[in-house]
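Protein chains: 2
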Amino acid sequence: MNELEFIKYMSTTIKGKKSVVEGIGDDAAVIKHTPHKYLLFASDMLIEKVHFLKSADPFWVGWKAVAVNISDIAAMGGAPKHIVVSIGFPNKKSPAYLKRIVKGIKTICDKFEISIVGGDTNASQNLIIDVSILGEVEKRNLVKRSTAKINDLIFVTGSLGEGRFKHLKFTPRVKEARVLVEKCKVNSMIDISDGLFLDLTRLCKASSLGARIYKSLIPVSLRAHSVKDALEYGEDFELLFTLSIKEAKRLIRYIGKTGYPPISLIGEIVPERGGLKFIADEGKVERIKPSGYLHF
Amino acid sequence: MNELEFIKYMSTTIKGKKSVVEGIGDDAAVIKHTPHKYLLFASDMLIEKVHFLKSADPFWVGWKAVAVNISDIAAMGGAPKHIVVSIGFPNKKSPAYLKRIVKGIKTICDKFEISIVGGDTNASQNLIIDVSILGEVEKRNLVKRSTAKINDLIFVTGSLGEGRFKHLKFTPRVKEARVLVEKCKVNSMIDISDGLFLDLTRLCKASSLGARIYKSLIPVSLRAHSVKDALEYGEDFELLFTLSIKEAKRLIRYIGKTGYPPISLIGEIVPERGGLKFIADEGKVERIKPSGYLHF
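The listed protein sequences correspond, in order, to chains W and X.
FYI, the numbering for the first sequence is 143 to 438, going by this note's numbering.
FYI, the numbering for the second sequence is 143 to 438, going by this note's numbering.
Bear in mind the hints are in silico, worked out from the structure with no lab data behind them.
Idealized CB from N, CA, C, for every residue including glycine.
Do not rely on the hints blindly, as some may be mistaken.
To be verified - Keeping only pairs whose Cα atoms sit at most 25 Å apart, straight-line, the calculated PhoX-like set for lysine-lysine is:
1) Lys235(W) x Lys196(X)
2) Lys160(W) x Lys347(X)
3) Lys179(W) x Lys253(X)
4) Lys179(W) x Lys160(X)
5) Lys179(W) x Lys281(X)
6) Lys191(X) x Lys245(X)
7) Lys419(X) x Lys347(X)
8) Lys160(X) x Lys253(W)
9) Lys160(W) x Lys196(X)
10) Lys317(X) x Lys160(W)
11) Lys174(W) x Lys174(X)
12) Lys196(W) x Lys235(X)
13) Lys291(X) x Lys174(W)
14) Lys191(X) x Lys191(W)
15) Lys388(X) x Lys291(X)
16) Lys191(X) x Lys235(W)
17) Lys419(X) x Lys388(X)
18) Lys357(W) x Lys431(W)
19) Lys325(X) x Lys388(X)
20) Lys281(X) x Lys234(W)
21) Lys235(X) x Lys191(W)
22) Lys388(X) x Lys317(X)
23) Lys196(W) x Lys160(W)
24) Lys281(W) x Lys317(W)
25) Lys241(X) x Lys179(X)
26) Lys291(W) x Lys388(W)
27) Lys347(X) x Lys191(W)
What the hints assert, rightly or not - Example chain W residues on the side facing chain X (calculated, C-beta under 7 Å, incomplete):
28) Ala171
29) Ser228
30) Gly230
31) Ala265
Make a model of the complete structure from these sequences and hints.
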């Protein structure tokens, strides 16, 4: 049972409730809250030797443990609000090490005005940090991965292929996401945590649609080792989103005036029977396989 | 830095927000929600070889991972609603093993009408399950550990000292907690996860008060190995709560009619300068040390 199968198993096994607007399957769950807002609820675990090296700076380990969760909230169009933190901490590490983790957690929480409202600590063999996050989104601004439309244009924020460098130190795209949902109607969105190919596959699968993306349009970072890194390495934590042509024009007019946020058009949504296609050099059409980082 | 120091460090390092009614320091955080209700938000991590043996039945491991979180919500007087589950799963374990964990999670969620709204899975050396929970409580029914009053009577639900047997299989006291908060004004409450002595110490410390409890009044389970187990072993997950004498009379009249819930009077709250005292055989007064299960 791989990760996709496991999540599918969890989601098909479990019954929902009326207060659950969206359960398992998107970057965050959507729960009823106030008349105008939804709650967003998500969780992500980082494990030493799996997600980061033993030698990694504990400040950035703490930072990333929160950042990946913030990114999940951003991908739904929302704003992060509160976190709880569970830490499994090896006895052999020093109190100073633990304090540096907390410093990293605290620094990113201050930056994004997030409250740390709970903590649980345990002894464990390897360092583990699990963060759960609560966010909020105005009902009209909620964006799911499952609601792309045929003929939507596909965009990404920033540039891709920096995962190897960013790794622990990335800044989640909350500000960008909030501008996008405020300035235009975003049809679907996901964060690129496991590589463009894999996360595009997830978005298309959830929407029961296909896509064509163009190699020549991919904003490959100047720092990327290779185009392959921009397509499959992951850890970019940029946003992948789709807009109708009309809304795309609206957004581009806005960006023309403000110069923000940085986005690139990379392709288009097509009917499901069109599959997922990568248009490579000289128009060669390749089938996209959902390759990228799978957690087991 | 031990667990108490760590939690203190987290809570003193972190600024709160207006929407946070209670942050770190109680069984769950309290967050603004609807006009009549608060949200409760908590998290607990279980680690193989720390909280359960490698040979433990994965069904009950899944069950307990959720049960400890439900218990945190019960201790605030609330009702559990939604969870997200992060699992670190060793590659060498079988898919059947993972399915049995999910079966345990699903069974307790069905029993308590909880929705599983998110999941994250990762490879890891030892099995880790971290559950975060959202609950709700009517504003008037919220109970904190920090609001005991002088002269309150101290009660526990059920009987103590069964931790060795219950361990993974306990049923969190949601039903009992809900009856308590509906039928009388509960001044303070905490769940007994780490032993009566330690959790009573936490309640008294949070309330800046002292307590006297009486050995002869402790409802020691017939199955307990020793009185010491009832005082210090932990894993009972019963509720420890305090009531004014007036409210205690009201509750006892209710229980007289219904026979439910099972509770025992074990002592009284005194001024802080009175300290924490255990009245043992023949009236010998002993000082209670905060001994019990500390996680590191």
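Consistency of the hints with the structure:
1. Lys235(W) x Lys196(X): holds (24 Å)
2. Lys160(W) x Lys347(X): Roughly 40 Å between the alpha carbons, so the hint for lysine 160(W) and lysine 347(X) is violated.
3. Lys179(W) x Lys253(X): violated (29 Å)
4. Lys179(W) x Lys160(X): holds (17 Å)
5. Lys179(W) x Lys281(X): holds (20 Å)
6. Lys191(X) x Lys245(X): Between lysine 191(X) and lysine 245(X) the Cα gap is close to 21 Å, so the pair holds against 25 Å.
7. Lys419(X) x Lys347(X): holds (13 Å)
8. Lys160(X) x Lys253(W): holds (17 Å)
9. Lys160(W) x Lys196(X): violated (37 Å)
10. Lys317(X) x Lys160(W): Judged against 25 Å, a Cα distance of about 21 Å means the pair holds.
11. Lys174(W) x Lys174(X): holds (14 Å)
12. Lys196(W) x Lys235(X): holds (24 Å)
13. Lys291(X) x Lys174(W): violated (36 Å)
14. Lys191(X) x Lys191(W): holds (18 Å)
15. Lys388(X) x Lys291(X): Holds, because 13 Å separates the two Cα atoms, which is no more than 25 Å.
16. Lys191(X) x Lys235(W): holds (18 Å)
17. Lys419(X) x Lys388(X): Roughly 24 Å separates the two Cα atoms, so the pair holds.
18. Lys357(W) x Lys431(W): holds (15 Å)
19. Lys325(X) x Lys388(X): holds (12 Å)
20. Lys281(X) x Lys234(W): Between lysine 281(X) and lysine 234(W) the Cα gap is close to 43 Å, so the pair fails against 25 Å, i.e. violated.
21. Lys235(X) x Lys191(W): holds (18 Å)
22. Lys388(X) x Lys317(X): Judged against 25 Å, a Cα distance of about 23 Å means the pair holds.
23. Lys196(W) x Lys160(W): Not OK: lysine 196(W) and lysine 160(W) at ~44 Å, beyond 25 Å, violated.
24. Lys281(W) x Lys317(W): holds (18 Å)
25. Lys241(X) x Lys179(X): violated (35 Å)
26. Lys291(W) x Lys388(W): holds (13 Å)
27. Lys347(X) x Lys191(W): violated (39 Å)
28. Ala171: holds (3 Å)
29. Ser228: It holds, given that the least Cβ distance between serine 228(W) and chain X is near 4 Å, below 7 Å.
30. Gly230: At 5 Å from the nearest chain X Cβ, glycine 230(W) passes the 7 Å test, so the hint holds.
31. Ala265: holds (4 Å)
When each numbered hint is compared with the structure, violations occur for hints 2, 3, 9, 13, 20, 23, 25 and 27.
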